[in-house]
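A.B. asks: Here is what each chain is made of, one letter per residue.
Protein chains: 2
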Amino acid sequence: MTDSSALRHEATVRTIAFVQYPGLTPLDIVGPLQVFSMLSHLVPGYDTVVVGERIEPMATDTPLSLVPSHTFETMPDPYALIVPGGAVPTLAAMADEKLLDRLRTAAVRSEIVGSVCTGSLLLAAAGLLEGRRANSHWMYRSLLARFGAIPVAERWVQDGNVITAAGVSAGIDMALHLVGELAGQDIARKVQLFIEYDPKPPFGPIDWEAADPGQYTSRRRESLQQALANYPALLERLTS
Amino acid sequence: MTDSSALRHEATVRTIAFVQYPGLTPLDIVGPLQVFSMLSHLVPGYDTVVVGERIEPMATDTPLSLVPSHTFETMPDPYALIVPGGAVPTLAAMADEKLLDRLRTAAVRSEIVGSVCTGSLLLAAAGLLEGRRANSHWMYRSLLARFGAIPVAERWVQDGNVITAAGVSAGIDMALHLVGELAGQDIARKVQLFIEYDPKPPFGPIDWEAADPGQYTSRRRESLQQALANYPALLERLTS
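Residue numbers (my numbering), protein chains in the order written: chain A, 1323 to 1562; chain B, 1323 to 1562.
Any given hint could be a false lead.
Just so you know, same-sequence chains aren't split out, so a pair can sit in one copy or run between any two.
[Said to hold, decoys possible] Straight-line distance between alpha carbons at most 20 Å, and here's what the computed EDC-like set of lysine to aspartate or glutamate pairs gives: (1) Lys1522 / Asp1423; (2) Lys1522 / Glu1419; (3) Lys1420 / Glu1378; (4) Lys1420 / Asp1399.
Since the hints were made in silico from the structure, they are not lab data.
If we strip away everything but chain A, and leave its shape as in the complex, we get:
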């Protein structure tokens, strides 16, 4: 950076905005938030916000409730907008036109649009993934095609300015990748060191041969029926 004034510095701060809505999976949001928050502590020029409809506690799929820091009206224009996922409440949010409008409006103001887990179904339902290569939680990945996206089974998938991660914990890997793109690999490695992200899954990696998504088709259908009972057209589109 050059000898920028405080004013110039403020103008060049990149804000990473995480979208919060009721019932989400907290690790989807907290994983990448912790990565970018550490980035903002280590080097100047980055900031994080959590944006929701109101600044009040919202339930998650755990006993913990979360409170966002900003509303959609008060958040600064984000450099990156990240949408976390969840189970039935996220599937239900595919029919929440108010939230989808918030996403469309915020996406226009963002350089990068991203998601974790089934958050990509919200981007897809908002029409933001048409023709894009994208991923989601493995159980829901194939549904992306119903919205015109191209499902890809990678830990994270970048297509133009859209980046989508696999399920839940994949948001950490995606965020570290983005930090590398934004601030360079040395900084990304420092973030990794400070959050001591040196994973040692006690039973090794996932055995994808044993974890056949096909056996979960009925479970997925039940979750969709529970989430979208009042939206028969969308339900039909996703279960036919």
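Start from chain A and add chain B according to the hints.
C.D. replies: Below, chain B without anything else, positioned relative to chain A:
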């Protein structure tokens, strides 16, 4: 399980309790909480709670605030008590006698006592790690010896009924290990599948040779001084 009545079933529910206090690192708590919460969704007999001094929003080291589900008075006797860590606010909490008393009292009621990251410094300050092998965030690991614990550089360390994880993200690995101990490896693998914990750090594992903790000694000292300015005896004990 035998043909237990509802009453008997309720009596055998194992509650995993996570301690919340102001300023903590949210990934420390949300990582293992998401693991145990998934366990409770997949099989009967498990429950999770988040316990704090009051059921109201508390700040974290990110823009997100968290709200616990229970107070120390209202939480059920936990099977496991897990204490997350953080940076300066956690170091300051080493001098919070009220919180340390809460931990001592809750630990007596628990079968297993655990921590993530610098949460082990709170267990240590509460006198719960004397003579125990234990770990913490790499930057603070050696301080455990000042409280009579034996620092061990492993992803997680189990010594009797005490289990302590390395920094921040290590809580996920520790929690999956505990799920394996409690419910068996097949269930632990299923939890891992559902949170899609198949980590792919984009720049590989941490390079511990390059990440010499020695170079962070002054940074650690500054954080301790900031946290414990009003507790000179404890500060002296940890920085001399």
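A.B. asks: Any hints this thing doesn't respect? Which numbers, in order?
C.D. replies: 1 and 2
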